[in-house]
Structure formats: structure tokens, C-alpha cells
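Please model the complete structure; the sequences and the hints are all you need to start from.
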Amino acid sequence: MSAVMITRKVRKWEKLPGKNTFCCDGRVMMARQKGVFYLTLFLITGTCALFFAFECPYLAVHLCPAIPVFAVLLFLFVMAMLLRTSFSDPGVLPRALPEEAANGNVPAGQRPPPRIRNVQINNQIVKLKYCYTCKIFRPPRASHCSICDNCVDRFDHHCPWVGNCVGKRNYRYFYLFTLSLSLLTIYIFTFDIVHVVMRSMNGGFLNTLKETPGTYPLKLSLTVLEVLVCFFTLWSVVGLTGFHTYLISLNQTTNEDIKGSWSGKNRGQNPYSHKNIIKNCCEVLCGPTYPSVLDRRGLLQEDTLISSSNPVPQTTVSAHKHTHALFLIVVSSFRHTDS
Amino acid sequence: MATEFHNLQELRHSPSLVTKVFIQRDYSEGTMCRFQAKFPSELDNRIERTLLEETVKTLNSYYAEAEKIGGQSYLEGCLACATAYIIFLCMETRYEKVLRKISGFIQEQNEKIYAPRGLLLTDPIERGMRVLEISVFEDRGSGGSSPSSTMSSGSSAR
Chain V
1 MSAVMITRKV RKWEKLPGKN TFCCDGRVMM ARQKGVFYLT LFLITGTCAL FFAFECPYLA
61 VHLCPAIPVF AVLLFLFVMA MLLRTSFSDP GVLPRALPEE AANGNVPAGQ RPPPRIRNVQ
121 INNQIVKLKY CYTCKIFRPP RASHCSICDN CVDRFDHHCP WVGNCVGKRN YRYFYLFTLS
181 LSLLTIYIFT FDIVHVVMRS MNGGFLNTLK ETPGTYPLKL SLTVLEVLVC FFTLWSVVGL
241 TGFHTYLISL NQTTNEDIKG SWSGKNRGQN PYSHKNIIKN CCEVLCGPTY PSVLDRRGLL
301 QEDTLISSSN PVPQTTVSAH KHTHALFLIV VSSFRHTDS
Chain R
1 MATEFHNLQE LRHSPSLVTK VFIQRDYSEG TMCRFQAKFP SELDNRIERT LLEETVKTLN
61 SYYAEAEKIG GQSYLEGCLA CATAYIIFLC METRYEKVLR KISGFIQEQN EKIYAPRGLL
121 LTDPIERGMR VLEISVFEDR GSGGSSPSST MSSGSSAR
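Going down the list, the protein sequences come from chains V and R.
Start counting the first sequence at 1; every next residue gets the next number (my numbering).
Start counting the second sequence at 1; every next residue gets the next number (my numbering).
Note that these hints are calculated values from the structure, not bench results.
Be aware that a few hints might be false.
Label-pair ranges, simulated between beta-carbon atoms [unchecked claim]:
no.	chain 1	residue 1	chain 2	residue 2	range
1	V	304	R	74	47 to 55 Å
2	V	261	R	117	37 to 45 Å
3	R	18	V	304	28 to 36 Å
4	R	54	V	236	50 to 58 Å
5	R	54	V	129	32 to 40 Å
6	V	235	R	42	26 to 34 Å
7	V	235	R	37	46 to 54 Å
8	R	74	V	129	50 to 58 Å
9	V	49	R	57	27 to 35 Å
10	V	4	R	26	12 to 20 Å
11	R	19	V	116	40 to 48 Å
BS3-like cross-link-like pairs, simulated, lysine-lysine; straight-line CA separation at most 30 Å [unchecked claim]:
no.	chain 1	residue 1	chain 2	residue 2
12	V	279	R	101
13	V	129	R	20
14	R	38	V	127
Every residue, glycine too, gets a C-beta built ideally from N, C-alpha and C.
Right, dumping it as C-alpha cells:
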């Protein structure tokens, strides 16, 4: 009976469960539905492109050359924050391996009884729920995202506009994105109005129409388009920024706010809050940058065994080399005690 | 060497691994990373209580150092924000530096203390920082053969 062993090195992201898409060999992690994210990109870059092409030349000459410069910096910051929010791991908790999932005397193959673990955090009883998909007791503030099919630590919400969940690792980038986008929208809106006012003041409508008979209606309609986009964006994005500022000052997540965990009769009992607005803001915005626990780009050895008698290939994925090296030390210590 | 490697692979799949003990997270002080100092009863006759408690205490202090919110974390945060977080493409964050220290510490502890007692600590980051996994091995000799493995080159010495 002959057998052939084919060893292939795969990256860990290829074997991750969950409904995420990965790009650039595991460096980029997003949700599956990305349509709304492309819309966000299009709206931001489109509006800014129109602003730079049609408003900025006039404003730079007639008002101040720093205006387009500041707009460019703000636009770059918005894009950096958007891409960082969209492409990073929000704080996904890996699923439990079989031995860890079985911890708790649950027979394999059977659905465990609904279990809630009570934990005391800062003199407040918090219930930790068991996640049947990930087979773990969810840490406090973690929640399972049904769209991405992952448990996410400090789960805030799943945002289709950024095409990803917002959790512990990317919440500050999300907040900075909404804040900087609010500023950018207000900026473009203000200078659009200023531009229209200045043009009509400088020559009057009729004169301007005589100067550029062909292009003025086009430019006017584009400016009006920009103003409309900015107006509608303003209400939603500024409102969202204000809402998240409120949540940050109380050290709450959107998920907790929606569920009403720390409101109503539980108000003032949030065990994660420092009871001080500055401290809460500092913790969320200036806290440590948590690393990803997923190790998307780690290597796994996939051994596919194909034997002539059994044409179905048997694939085993072996552990990381480092753990294997430690295992050798353990076994060799037994051999020494033997002899 | 290749033959020995095969032996060890077979041993890994054979039941010389007795059980895995999990030390859970301690959430009494919030969501920061801490492990319970409670000594698991399964390890009563495998390792001294003080040694394991010392390891867990040192690990907890490392994690506390990584997650400390103070002057250095503010500076790192503000500097990174000013560069739109592009600086993290070339610089290692403080948390990552501490994680490397932790990984070195766990390896050292395994080599010096746990492996001679037939135990193996797994770095919590490989388990999503949820548990500290301790694998318990039992000496079953080198005679374990797995019927499922049909390695053509495997000629293990029995």
C-alpha cells in the first residue's frame, strides 16, 4: 500500500471560520457585503474631487491659498481613518478548540444546556452568556455579530458604511473617522456657500453669466450638488459623532446602549466607567492599541495524505512549529527519566 | 532525525497527552487581561502551588504593564493620531513589545519548570487571550503506534 504525503503551507486566515473576506494575503479583513462601503468611498472622493476641481482654484486665488491645503490634509486623514476602520480586525475572538469547548463536562455532539456565568466586576454582577457558535463564554462586553459570524470583543455595532464590525480594536479609528468627516463636510459646505456668495457679490449673476456662458451653469449645478450632499451628510454624520461622543464619555458601547444595559433602573451602575468624563475619554481614545489575537498571517502546515487504497485525501493541519518544539522538550524530559 | 520526528508525531496523536487544564480570565477588576490565581485541583500532584501562582502573577503583571493607561500610552496615542496611524506601519506598539516579552517568559518557564514536570504552558495569545492552557502529559513510553498513519518512510524503533 503506497501513500503519498503532500505538505502545503497555508496561511491561518484561509482556515478561519466566519463570514469575513480577506485581501492582500490576510493583511486586510472585511465583512462580506462591501457595496455600501464602496458607496461611502465614492461619495467622499467624488465630493472632494468636485471641491478641489471647481471651488479651490477660485478660493485659493481670491481668499487664501491655505484653504485647499487644509482641505487636502483633512481629506487624507478621513481616508486614512476610513481605511483603517474597514481593513482592520475589530477584535474578533477565535473560536474555542475542541478541548477548551469540552471544558465543563459537555458530551461531544450534544447541545449544551443554556448557560450563563455570573461574574462580579467592580461590585456589579454581570452575566456572561455562552456562545453556541464559537463555543466560548463571551467575555464581558463581547457580542456575536451575526453578519460576520464572529464574537467581537467590546462589540459596538456592525457598520455597513465601513463594511466591517466596530469593536475594541477599531473603535477609536471609527470615532476619528466620523469626527473628521463631520469637519470635512462642514468645511466643504461652508466654503461652497462662501464661493457662491463671493461670485455673486463680485460681479452679479448676469456679468458672471456673460464671462463664462458655457461653463457657469455646469459649475453652478455641481456646486449645488456638493451643497446638497454635504447638507444631508451633515445631519447624519454630525449626529452620529455627537452620539458616539456621548457614549465615550460614559464608557458605553452602542450595543449596551441599545439593550439598555446601563440605563433606566441600572443607570449609574456601569462597572466599566471611571465615573469621570475625562478618564473615560482617555481610556477609549488614548488607551493601548490592542493587538489582533487572530494571527491571520501565521503559517499552518497542511498535510494531505493520499493513499492508493483510499482515494479520498485525508488532510491534517499540524500545530505551529514553536509549540511543537516545546513538545519535543517535554517528551525528551520523559526519555531522560526513563534512562 | 527524520525517524525520531515520526516517533514524536505518533506520540502526539497517541494518548500520552492526558488532559488540558484551563486557567480562566479574572474579570473582577474589569475587562483588562488578568488570569485567575486559583490553583487548579488537577495539578495538585504535578507541580508546587507556589510555582504556578508565581507564573500567573508575573504574567498578570506583564499584561497590566501592556494595558497601563498613563503618560506613555497617551504619548503613543497622540503621536500616532497626528500621523494618521501610519507610524504603526513601521513602529512596534508597546503592547506588541510586551507580548514578545511574555512569549519569551513563557518559553523560559516551560524549559525550566514545566517541561521537567511533564507540563506545557501555551501562550494565551494563541487561545485568543481567553485562557491559559496547561497541557498535562503522562509518560507512556515510546511504543505508541497510530493505526491511522500510513507513512511509507516511517520505520519507528520499538
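Hint check:
no., hint, result
1, V:304 to R:74: 47 to 55 Å, "50 Å, holds"
2, V:261 to R:117: 37 to 45 Å, "44 Å, holds"
3, R:18 to V:304: 28 to 36 Å, "30 Å, holds"
4, R:54 to V:236: 50 to 58 Å, "54 Å, holds"
5, R:54 to V:129: 32 to 40 Å, "33 Å, holds"
6, V:235 to R:42: 26 to 34 Å, "59 Å, violated"
7, V:235 to R:37: 46 to 54 Å, "52 Å, holds"
8, R:74 to V:129: 50 to 58 Å, "34 Å, violated"
9, V:49 to R:57: 27 to 35 Å, "57 Å, violated"
10, V:4 to R:26: 12 to 20 Å, "49 Å, violated"
11, R:19 to V:116: 40 to 48 Å, "26 Å, violated"
12, V:279 to R:101, "28 Å, holds"
13, V:129 to R:20, "23 Å, holds"
14, R:38 to V:127, "21 Å, holds"
When each numbered hint is compared with the structure, violations occur for hints 6, 8, 9, 10, 11.
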